[in-house]
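**Q** Fit chains B, C and D to the known structure of chain A by using the hints.
Here's the letter readout for the chains.
There are 4 protein chains.
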Amino acid sequence: MSGSSLGKLFTVSNFGESHGTAIGCVIDGCPAGMVLTEADIQFELDRRKPGTSRHVTQRREPDTVQILSGIYEGKTTGTPIALLIQNEDQRSKDYSNISDSFRPGHADFTYWNKFGIRDPRGGGRSSARLTAPTVAAGAVAKKWLKERYGVQIRGYMSQLGPIEIPFESWDEVGNNPFFAPNATVIPELEAYMDALRKEGDSIGARIEVVAENVPIGLGEPIYDRLDADIAYVMMGLNAVKGVSIGAGFNCITQKGSEHGDEITPDGFLSNHAGGILGGISSGQDITVSLAIKPTSSIRIERQSINTKGEPVTVQTLGRHDPCVGIRATPIAEALLALVLMDHVLIQQAYK
Amino acid sequence: MSGSSLGKLFTVSNFGESHGTAIGCVIDGCPAGMVLTEADIQFELDRRKPGTSRHVTQRREPDTVQILSGIYEGKTTGTPIALLIQNEDQRSKDYSNISDSFRPGHADFTYWNKFGIRDPRGGGRSSARLTAPTVAAGAVAKKWLKERYGVQIRGYMSQLGPIEIPFESWDEVGNNPFFAPNATVIPELEAYMDALRKEGDSIGARIEVVAENVPIGLGEPIYDRLDADIAYVMMGLNAVKGVSIGAGFNCITQKGSEHGDEITPDGFLSNHAGGILGGISSGQDITVSLAIKPTSSIRIERQSINTKGEPVTVQTLGRHDPCVGIRATPIAEALLALVLMDHVLIQQAYK
Amino acid sequence: MSGSSLGKLFTVSNFGESHGTAIGCVIDGCPAGMVLTEADIQFELDRRKPGTSRHVTQRREPDTVQILSGIYEGKTTGTPIALLIQNEDQRSKDYSNISDSFRPGHADFTYWNKFGIRDPRGGGRSSARLTAPTVAAGAVAKKWLKERYGVQIRGYMSQLGPIEIPFESWDEVGNNPFFAPNATVIPELEAYMDALRKEGDSIGARIEVVAENVPIGLGEPIYDRLDADIAYVMMGLNAVKGVSIGAGFNCITQKGSEHGDEITPDGFLSNHAGGILGGISSGQDITVSLAIKPTSSIRIERQSINTKGEPVTVQTLGRHDPCVGIRATPIAEALLALVLMDHVLIQQAYK
Amino acid sequence: MSGSSLGKLFTVSNFGESHGTAIGCVIDGCPAGMVLTEADIQFELDRRKPGTSRHVTQRREPDTVQILSGIYEGKTTGTPIALLIQNEDQRSKDYSNISDSFRPGHADFTYWNKFGIRDPRGGGRSSARLTAPTVAAGAVAKKWLKERYGVQIRGYMSQLGPIEIPFESWDEVGNNPFFAPNATVIPELEAYMDALRKEGDSIGARIEVVAENVPIGLGEPIYDRLDADIAYVMMGLNAVKGVSIGAGFNCITQKGSEHGDEITPDGFLSNHAGGILGGISSGQDITVSLAIKPTSSIRIERQSINTKGEPVTVQTLGRHDPCVGIRATPIAEALLALVLMDHVLIQQAYK
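Chains as they are written, first to last, in the numbering used here: chain A, 1 to 351; chain B, 1001 to 1351; chain C, 2001 to 2351; chain D, 3001 to 3351.
The following block holds chain A by itself, in its conformation from the complex (with noise of 0.2 Å):
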């Protein structure tokens, strides 16, 4: 309840700060009997991982994650398992500059309020380096959720500033560096990126998530709905400022009888409701769309204060993302992936 755990009975609990020891968490709830690897949780940091291209943040961070407990003999025991990444690159100088000032748009100014103390190395605990964790816990959820449902969950990159990204094949999203479904649209994306690199300055991003095979009955009725959740963890994303599901905001303008999506024995004719009714899945695919804001640590000077409240300059330098929505798409689907598996924990105690 002190804010840093997700999940009720797949409860993780996220611990660290950017430049301190080290990250990880605690999930708590894995059932027991489970194979589980570093490996299998290491593939799903790879893809969240920075330095992998030019359009990321340079930090060299290897994201390396180690098992603490709740396995043995390689397969999960039902008890706490707690992973551990260690904090490698900490060139924490770069951020000496700011640590008196408020980056407009930032958390800096939030956090000095509110605890009257801040870890300014890297942003502290308000770095984006704070969801690998998420994702690591999300690697357990979906393998779980693939086993033993067949649950899939995917995600891509919809719109990066002004270039939207139509969708051509899942196939391609691994092929690029921006998770975009689309082959055609990537040197685009990349001209579009370099350009901004010179500018120094960031920008917005559209990430879409689709869960495919959830069970039917996930989320409660009143308050703990399933659409509740999701919108939840992902507005609770760094940078995250919309939060959509099916239709998404394009319901103000249609009319019920467009929106409805009819059924036949053979199944739903449309998916308007993205896959969720009453707050409970229906068995079509979860559809979700997040916005996702510029970054706030850019090279163009800015007006701010600093913790006197004295006007200041602030310029951010250092390593940082250009488009934190280029790395969103992992993280969006982990999230997606603890929201379910905790709802499919639940739907199973009452059955």
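Hints may contain errors.
To be verified - Straight-line distance between alpha carbons at most 27 Å, and here's what the computed DSSO-like set of lysine-lysine pairs gives: (1) C:2308 to D:3351; (2) A:351 to C:2075; (3) D:3075 to D:3146; (4) C:2146 to C:2075; (5) A:75 to A:351; (6) D:3308 to C:2351; (7) B:1255 to A:351; (8) C:2255 to C:2049.
It is worth saying that the hints were derived from the structure and are not from the lab.
**A** Positioned in the frame of chain A, the structure of chains B, C and D alone reads:
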């Protein structure tokens, strides 16, 4: 935790079905010593009440609230406040023709599959009627937040189907049945709704909610963020398919040099963040947008199946809101109040 | 989570004050499809009801339960079951003389200091009357556990003040007002109570509760252990000052070679563990003992202070139980049922 | 909710197995700004450490704690504090002979039945070694409670098997390996333990814990009472079979005129309540007693079964505590600190 409770330190447990004996909630965690009467709560319930104009459902429910506990000599005692609303207008015959069929876009289908049993009377627990206890609890939170911290929470409709409603003045919101902040647009809205009613169709809407004078520092860095909790409650409101904060989905095409709100000794120069940075309130106004889908209960015939999986044609008669967005404003305000109340108490815990 | 709810997957939220409008609870998480009537619940409430013999409080409360929600056509729907008990016999004048003073050994003092306001009518929320909703919720859990798993939960009084009550037969428990499992000792108990009532004093008691046919494997290794949860609910019962499981405090002088229950292919040879090993149920009977203090509301004059801190003499008139232990048996059974119900659902979640 | 976390606002999530890579915990909810070093925590861990006298297990574990997060420049930042203790002395061969059999009185049996898989190395997660993270977390709570509210929490052994240990002085507790508050009795305790070790048997014990300067008003009226939470943590401590507060089981034979603590303007005249009235702290010393069973790991041969259900004879070799009660005092102190810490934060929330 079994799904019908909201909040950690200010907990609301919701119960009831649309046409059962009664609906209500238990509020646990209201600080002692606040003056509280049924009139304080009734005021907000009346704003949400059905039957107040020809544009909403004609069901006649007085929605009279009764306080069962937690008050002594007019003041809160710090113990649970149970609120009861008797169901009075139970014309359940209107629903008889749909008890074995699933309305396209309605929770009928998922409830049936989840529970194997379903109260079909007026939608049972999936009815929007179950937002009344939320509004009642929100009234308590609103009052406390106003008295203790001067927080003001208000909302309005910014779009009804294709008609955008430019913000003109808060003063207009109470003068029309749409919660529209603009007098000029009312005739257009009324004409649109009258035509829609004749068609037997329904329409979506967009609602904005704003909280002013919010204390800085509400929300936790990871998972229990303020933005996450807002998204949770808002997406959990019946018919909502999208939630955004501040710039929302517009942030996708914004550059960091535009999105990041610059700060001066006199305050922020813009509010793209919507009052939340890194998941924590910044002291700026919190601004939230909701996309509300068209209701699925329409007179137009639609394809569907029945509980045996056979194809049927469904047409929903009875008394329904052609635009559930019209009555959503007070509910969205209540939900924001509940989230803020909970986070303010949490903040007090660590002081 | 603000303190008046119990259980994670079978959650009971309690509300009300002794002489307020009503008391009750919301049960959230009852599986769908169980036949449930008010009579099922009333049966247990009647076992706890005041006024059934001259040895308990003469307050006349019928404690009639009303189901407000969660049932459709006689079956649970899987949604919250709200239970309401109206308060009828409200002779609040009896308490007027103590509203500004603190009874030695009573919660008056702590409520006043905690909340700064106190409902003095009948003890307000500190009244043992508030165990009625717990008994009602326990009746639902008992029924489900019995039907689904064959679990049987029974209790009895094993000591009243200085009089030990040897266990003779479960059949006797319902034949006397003490829940004593022994017919021979009844005259002695009655004589003791009659003398005590004349003195205007009160006395302690010891209660045993036993659960049979409990599934193996309930409880988690660390923190959320089954023994911990049993201790939690039992110590939280009004007037309880001690809780033990199996050998209890006798284990202090036992050697390991005596205490550890040997196992054969036909089962355990003893049950010093009380059915729980390492916090997890072993399938043996769960055996729990409670020490219940004498009530603080006695006619004998006692030294105390008033709300101004001045010395006063306190004498409690009105209708009180001279031995609250007498009515504690059905409450303790209900509490054990609630704990087991919650853990059985949790166990099902991970299967 | 998955069972390995304790506390609502000061949450401790425990992980690890006796002979795995490491054990530890994540503390979530420690207020920001407190000076905290590893030495503060190590001090309490050393009090619980094995191998410090011939009367406890000879396993050599330095139990060195490492802080992984949540501290910046020597102060808590308000974010999760992850604590890690590497396992070093892993002589797992000692346990090979029991991996397929169940020790009478041990959690072997229930873990196997619950999870279908069991880490047999040193008892895996059922080992008393897993109390080390609890002690570490308790050290943080103790420090904060002391600095902020002057709360002092201390414990001692009051009985070892048949030998009662009269309280003489707190000063003696640290002078002997038994945490006995009495120098005179030490030779008798040592002789008893030496004889017991030769027999290869084990013995129970009784521990007292006392908290002084506890703020008035901690605990909620129903369910989340302070006494309930104390019982929860104490009964959840390995080997505990009974918990009592204040007069405890002696209250059974007390009359109300004796038990109820009279109050004067200068304070209470006795403390049969053990500092808690109606579930809420009264400001008096909180006094708790624990009954600790003899460990099940003894050299004496015992009847049991193996995982195939066949009869076997079990004899536990290896390094075990002949009286787990001896090292229980610092753990019980830590648990009381954790409960009080949580309730103090909750109290602050409502101020």
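**Q** Compare the structure with each hint and give your call.
**A** Consistency of the hints with the structure:
1. The hinted pair formed by residue 2308 of chain C and residue 3351 of chain D meets the criterion: a straight-line CA distance of about 21 Å does not exceed 27 Å.
2. Annotation: proposed proximity of residue 351 of chain A to residue 2075 of chain C holds, straight-line Cα distance about 16 Å (limit 27 Å).
3. At roughly 16 Å between alpha-carbon atoms, residue 3075 of chain D and residue 3146 of chain D fall within 27 Å of each other, so this suggested pair holds.
4. Our distance criterion of 27 Å between C-alpha atoms is met by residue 2146 of chain C and residue 2075 of chain C, whose separation comes to about 16 Å.
5. Distance check on the hinted pair: residue 75 of chain A and residue 351 of chain A sit about 25 Å apart at the alpha-carbon level, within 27 Å; holds.
6. Between residue 3308 of chain D and residue 2351 of chain C, the direct Cα distance comes to roughly 21 Å. Compliance with the 27 Å bound is thereby established for this hinted pair.
7. Taking the CA atoms of residue 1255 of chain B and residue 351 of chain A, the gap is about 49 Å. The hint is violated against a cut of 27 Å.
8. Under the criterion of a C-alpha separation no larger than 27 Å, the hint pairing residue 2255 of chain C with residue 2049 of chain C is inconsistent with the structure, at around 43 Å.
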